[in-house]
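A.B. asks: Read off the chains here:
There are 2 protein chains.
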Amino acid sequence: MSTENQKNISSLWFSTLQKKICKEFEQLEADFINKKNLNKKPSKFHTKNWQREEGMGGGGTMAVMQGLVFEKVGVNISTVYGKFSEEFQAEIPGADKDPLFWASGISLVAHMKNPHVPAVHMNTRHIVTSKSWFGGGADLSPVFSIEKDTKAFHKALKNCCDRHDSSYYPKFKKWADDYFFIPHRNENRGVGGIFYDYINSGNWTKDFSFTQDVGNTFLKIYSQLVREYMTKPWTEEEKIAQLKKRGRYVEFNLLYDRGTRFGFKTGGYTDAILMSMPPTVIWSSPLEDVT
Amino acid sequence: MSTENQKNISSLWFSTLQKKICKEFEQLEADFINKKNLNKKPSKFHTKNWQREEGMGGGGTMAVMQGLVFEKVGVNISTVYGKFSEEFQAEIPGADKDPLFWASGISLVAHMKNPHVPAVHMNTRHIVTSKSWFGGGADLSPVFSIEKDTKAFHKALKNCCDRHDSSYYPKFKKWADDYFFIPHRNENRGVGGIFYDYINSGNWTKDFSFTQDVGNTFLKIYSQLVREYMTKPWTEEEKIAQLKKRGRYVEFNLLYDRGTRFGFKTGGYTDAILMSMPPTVIWSSPLEDVT
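Residue numbers (this note's numbering), protein chains in the order written: chain F, 3 to 293; chain S, 3 to 293.
Hints in this document: simulated from the structure, not taken from any laboratory.
Errors might be hidden in some of the hints.
One copy or any two copies: either way a pair holds, since identical chains are not told apart in the list.
[What the hints assert, rightly or not] Here are the simulated BS3-like cross-link-like pairs (lysine-lysine), alpha carbons at most 27 Å apart as the crow flies:
1. Lys133 to Lys234
2. Lys115 to Lys208
3. Lys115 to Lys241
4. Lys50 to Lys246
Bear in mind the structure is a predicted one, so any value in this text is a computation, not a measurement.
All chains, full assembly: derive it from the sequences and hints.
C.D. replies: Here it is as structure tokens:
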């Protein structure tokens, strides 16, 4: 299959997955309203297309919903191409001699109203320089982690990995543990998941089907978790704990996240890159208990 | 004067200035309670000392207050010494051949309860490698900028600069405009102020007296602004605008701020470095108006 065809197929998939996720998340909003017998119209995603500035090609579609279950969820796709800056070239495989790149992907971050529903992140992408590869991952950030849910999330991702290559899960789980770590806090961002990059087995169709499976697997397991906890009552203290936990998310994304960095370095659309920011956050003072 | 004496004198000054500022800010809290006839005890600063991990020397004192006027204000001093990492060495004057450094300074960030009172930042520092210099600055971040206040703030800093060197203000004002700029938002962080670094005129006493003057000048003009607006009524919308504006502050500090970076690169104390984070923040969705 030609590289052009591969690009078309993968970018079409990211767009399909975006629609599928948005539909399912809107369904969760509708189910919540039914369960709670609320006299409200269920929330819907709003979308916005953006184009890159001149001199750089491509653009993307942001989809954002602020609802009763999802306090703020962004599901963005983008397909961009152009030239890496000289400084950034050295960091990207296959870009050292030829700075041209093409990148397409989907990126999702959900911050939930109910502190018992974990925040989540999922991203999959296809990148083409003089090389070509897939990358991505998904990780869960509960405020109050529950072992059975952590296990279920990891089990679903493990099964997904195992369907494609039995060496994947241990490697990608460890990568997530290493990656989603906040050095200055000496804390993990959440309970992990998988993180993978530079996947090129020599069989594009096989690699593409893994990346599709990651997207579908994420959607299924996360929707289950949302459905289980979205109506669970919570206290003011639990909500505040959630808002504080979100501060760590901000610190990680702005200080360390490669996707955020990649976005800024390649002239990405600021509103789309920073869609990951939580809707509301609290940073407490480390001295507040000293009163 | 020996370098050792210079270090002692400057670090003592930063500590004196910290106490002076804390006293004045506590006075503002007390005055607020009197003006509003509230039956409350005025808020006070809490302090915490910290030491650097082994292999690195020094430490600091954080002072934090969460009050009725100051929603959260941190006034930190630190005096640290050690070796720059190889990677960081190249960025610091005089550290290319000898990685040993000594650094002492004061750093202040105030996030205010009343959205009509600007947030503010002030920092002054003395750094010694194989070279020696002063740096610092102060900048104002109102939510709703008022021209007369912006002018008064700049005027005070200009007068301060002019007392020492008539070439300072234009240079340091421009430096602040360039520095306190958020590229991905194409916005300034606030209405500016001054930013200076690598000051070494050959006359240590003269340079030190400028840095002292910056601290004193900041305290006087900012206290005036706080006093003028701390009792002005505000609306819910104005408070929300303030919480959104704070998101920009977070983005700037975590993505671009040199002080934050310096802190992490030199094994600083996380709670002290991130004292600049606002107590509460909102990131709105760029699509929220599309409803």
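A.B. asks: Against which earlier hints does the structure fall short, listed by number upward?
C.D. replies: Numbers 1, 2 - these are the hints that the structure violates, sorted from lowest upward.
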